[in-house]
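Heads up, the sequence shown is in the working numbering, so the first residue is 1 and it goes up one at a time.
In short, the hints are calculated from the structure, not lab data.
Cut-off 25 Å, straight-line C-alpha distance, at most; resulting in silico cross-link-like pairs (SDA-like, lysine to any residue):
| # | residue 1 | residue 2 |
| --- | --- | --- |
| 1 | LYS124 | PRO71 |
| 2 | LYS81 | MET111 |
| 3 | LYS239 | PRO215 |
| 4 | LYS124 | ALA86 |
| 5 | LYS81 | GLY123 |
| 6 | LYS3 | ARG68 |
Pairwise CB distance ranges (calculated):
| # | residue 1 | residue 2 | range |
| --- | --- | --- | --- |
| 7 | ASP98 | ASN2 | 18 to 24 Å |
| 8 | GLU41 | GLN64 | 22 to 28 Å |
| 9 | PRO71 | GLN230 | 18 to 24 Å |
| 10 | ASN2 | GLU179 | 30 to 36 Å |
| 11 | GLY23 | ALA236 | 18 to 24 Å |
| 12 | THR210 | GLY58 | 40 to 46 Å |
| 13 | PRO136 | GLY112 | 18 to 24 Å |
Even for Gly, the Cβ is constructed at its ideal location relative to N, Cα and C.
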Amino acid sequence: MNKLTARVQQVNSLLCVGLDPIGDDAQVESRLAEVIEQTAEYAAAFKPNLAFFLSRPGGVELLQRIVRRIPSEALVILDGKFGDIANTADHYARFAYDVIGADSVTVNPYMGDDSIVPFAREGKMVFVLAKTSNKPAHSLQDVTLTRGGTLADYTTCVAQELNEQHHNIGLVVGATNAEAVARIRSISPQQWFLVPGIGAQGGDLEATLTAGLRPDGQGLLINASRAIWQALDAAAAAKELTIQINQLRPVGV
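Take these sequences, add in the hints, and give me the full structure.
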């Protein structure tokens, strides 16, 4: 978390560049390298999506090479949405941190503490799925509990409690529901949120920043994947989004 805060201050940016490589296997590595190089000066973090690498022959090796290209000061978030019992989660953590070299992961908390704590190593950071950006017909996250609030709210409380112990737990909170962002921020005033859903999924940037920013103008990592990957000029796309974010931040870094 200290690394993330330092990087945000260094580049004056809350941008997370998602690496969801699509296209021909022969050209994808050069495009990944190009996107990293062109957006590095604007990126607080990079988020390679594990599925987009595992679906390719030699995908793990490709992912390792790409992670090594990312500036060491930027946070590398391996978006694997891992979620399993503690023994298995420990092996996933070894894969993410020791094999790939990531600084952080996304975790599905459906199995409770067992699926989160093995990733909460010292010097690493965990983003727990609370309210995701998709809109399924049957959303478990929106189920109302008898104790009050939704399952997403309860997940936030669990993550906040774990963060008090480990000091490295954040949340994934989608931009497609600004009211949910505000509600989760009210439950968790200080934790970092990884925020997908701006751009192709239709999330409202201004509403999301208004709902989720902390008073210090930090606390959100705004992820952009397709908007940058598909841009003719990745640097220009990253710069434009960074400017938009900073214009809407109540406090500059």
